[in-house]
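In order, the protein sequences belong to chains A and B.
Yeah, the first sequence ends on 376 if you go by the UniProt record's numbering, and it's all consecutive.
Yeah, the second sequence ends on 376 if you go by the UniProt record's numbering, and it's all consecutive.
Since the hints were derived computationally from the structure, they do not count as laboratory data.
Errors might be hidden in some of the hints.
[Stated by the list, open to error] To spell it out: a stretch of chain A is covered by chain B in this simulated footprint if at least three of its residues, at any positions, have a beta carbon under 8 Å from a beta carbon of chain B; those stretches are: (1) 121 to 128; (2) 168 to 180; (3) 192 to 206; (4) 298 to 308; (5) 318 to 329.
[To be verified] Here are some of the chain B residues that sit facing chain A, going by a computed Cβ distance under 10 Å: (6) 35; (7) 55; (8) 80; (9) 125; (10) 218; (11) 272; (12) 274; (13) 276.
[Unchecked claim] Non-contacting residues of chain A with respect to chain B, defined by C-beta distances greater than 10 Å in every case (computed): (14) 86; (15) 105; (16) 114; (17) 115; (18) 240; (19) 258; (20) 272; (21) 333; (22) 334.
On a predicted model such as this, the values are computed, not experimentally measured, just so you know.
Every residue, glycine too, gets a C-beta built ideally from N, C-alpha and C.
Here is what each chain is made of, one letter per residue.
2 protein chains.
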Amino acid sequence: MNGLDSAIRDAGAAAYAAYGASVDANVRYLTRFRTSDPVVYMQKSGERGMIVVPQMEHERAVRESTAAVVTRADAGYLEYIKAGESRWRATAHMIADLAGGPVLVPATFPLALARELESFHPVFVDAANTVEGMRAVKTPEEIERIRSVQRVTEAALDRGLSLIRASIPRGGLLRRDGAPLTAEAVRTEMHTFLLAHGCRGVDTIVSCGLDTALPHNAGAGPLREDEPIVIDIYPQHEQTGYYADMTRTVVKGEPSPEIREMYEAVRDAKTLGISMIRAGATGADLYQAVVEFFRDRGYESDTRGFIHSLGHGVGLEIHEEPSLGPHGGALVAGNVVTVEPGLYYPGTGGVRLEDMGAVTETGFDRFTQYGEELTL
Amino acid sequence: MNGLDSAIRDAGAAAYAAYGASVDANVRYLTRFRTSDPVVYMQKSGERGMIVVPQMEHERAVRESTAAVVTRADAGYLEYIKAGESRWRATAHMIADLAGGPVLVPATFPLALARELESFHPVFVDAANTVEGMRAVKTPEEIERIRSVQRVTEAALDRGLSLIRASIPRGGLLRRDGAPLTAEAVRTEMHTFLLAHGCRGVDTIVSCGLDTALPHNAGAGPLREDEPIVIDIYPQHEQTGYYADMTRTVVKGEPSPEIREMYEAVRDAKTLGISMIRAGATGADLYQAVVEFFRDRGYESDTRGFIHSLGHGVGLEIHEEPSLGPHGGALVAGNVVTVEPGLYYPGTGGVRLEDMGAVTETGFDRFTQYGEELTL
């Protein structure tokens, strides 16, 4: 039984069904089963959820999944396939048999599967995003999982920054043993460390100079003296699937006055944002407060300046509910969110700082403990 | 222009639309843009495809994507959001404006988005799986990308097997410097190597002993003497997104007669399967030939024995078209497929061997060059 049960009843449905591999965070959350091939999750009103898997995954699913396990063969799928039904049709047929009535499905349910399913029972979209809502409020166990990924993340960042700190500039380039220190080398150092600690680095950003003016530029090539270096690192734990997320901006040498001023504004904006977090505060209010703060410091929030939201939820997805953006709703205790103001000016560069933590009734339980000095 | 154009016309649609992040291989294929947040791909009949992205991704998308780039703001999305429309409604509204008529969408198109879109224009599901079909036939450039990932994969496997080869058994356990050599250590060795060569190891299987009887058991703990060790490694190239895939089974010491006999049957089944590959052969025929071959050797293909398909396509997904399973259709030149017979018996163990290559008019261009000795 879980929070889905009342959603099923409220919709007048007999069951909830989802379809996806474990890159689908809803499916992973409901099943705790790791698979690169799609499975069906099915929860009948008032009953425990079940997962429908191929025969070859049966024993592993029994071991790993928190849901009851049924094979596709036992659920009738293979007979429908043998009878010549398409993969979508046979899957829908099987879901219809299991549900025995109207089916509630997530917004991202595959259209082809829904259209086949509609020929058996009514199909209702869960417009309330029930599972996303459940995922957004973390249990103490989930919070500890995320916090432990954050610990590893900070240690990995420290390894990367150590390379930059120990580098020796010559001819404008940072060097290690005489050769240019590259974004790739710093990234590999961090990813190797993560790997040895059970985490996977995904598309970590190590960008330098004018590249930093594009917030999601992954960065490449030699790192340079006196220029901003943005490191945004968001690893996923291999076993549990939970992410952490943090960003630091550093300069080896002497930053320009513009970058230094941007840095101070971003740091103060982060402090402001964090100070406002508590259950009941809205993401929109937090975002707006930072927009106004930046405006007072002379920075716009449009196509330049502060061009993204203030933060986002983190869990089995790197970006999930709740949003700390212009349309973000009220925070609740147990949300895990980032606070990541940034400023971006083509021709000058970019600065971003990002911390992560849990919303509490009275404030913010910050997971991030790492320092935030601009110059190394 | 691409193969989608005739599908759009045949459906009587004005445009094709897809929605997803780059974990959606269709979206990645059509856009070549890496993003963890969903984007819209839109292709109007007779026109070049376009990608709709947030403002902050605009410049990066222009650099990276093969599609034309439009911002959500320019496509009207933000105005619909400001007017109070939901995220799905505003996205549908924007797609409807861009399409200007009926829309063809992939089978996996999100149901909530389709239902909103239907209030503007008819929505047709691409039942022919046009993009999956395009993806299944690789260009020479794609083949070289996959082949180069396979080269790195073999070098990584070699690092893993070197640890096993150099280990010294004592008390039934393989040891390195006296301490047990674990599945985790072998996996980390391979993943670290992959990382240094631009590839990401994902859930690599290193299983031993009775664990090998479950084909997708990831494996954990000490590796043992005289028992089968299955290594199934399928890394993804970080930049291009293409996968490779291979499996070897080895024993440090002396395998049981059952395992040795299974190994010989699997090796011969792989040779048989590969010998039958050419354009025009069907996946079902290949699969059936191996089922019959195993039967002649005394092995069943049911809930024990050969319990999975003979192989699958590989590309931007680890499992994609075509299938070498009981319902697999005709192969065409340019398909990249695995051939991976396996035998699994609870209480005895499992054996799997897997090669990968491209289907040609006359045969199989095998990418896998790695040896296949059972005993180390």
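Going down the list of hints, with the structure as the test:
| no. | hint | result |
| --- | --- | --- |
| 1 | 121 to 128 | holds (count 3) |
| 2 | 168 to 180 | violated (count 0) |
| 3 | 192 to 206 | holds (count 6) |
| 4 | 298 to 308 | holds (count 3) |
| 5 | 318 to 329 | holds (count 3) |
| 6 | 35 | 8 Å, holds |
| 7 | 55 | 6 Å, holds |
| 8 | 80 | 12 Å, violated |
| 9 | 125 | 5 Å, holds |
| 10 | 218 | 8 Å, holds |
| 11 | 272 | 21 Å, violated |
| 12 | 274 | 22 Å, violated |
| 13 | 276 | 23 Å, violated |
| 14 | 86 | 8 Å, violated |
| 15 | 105 | 6 Å, violated |
| 16 | 114 | 5 Å, violated |
| 17 | 115 | 6 Å, violated |
| 18 | 240 | 13 Å, holds |
| 19 | 258 | 20 Å, holds |
| 20 | 272 | 21 Å, holds |
| 21 | 333 | 25 Å, holds |
| 22 | 334 | 23 Å, holds |
In summary, the structure is inconsistent with hints 2, 8, 11, 12, 13, 14, 15, 16, 17 from the numbered list given earlier, while agreeing with the others.
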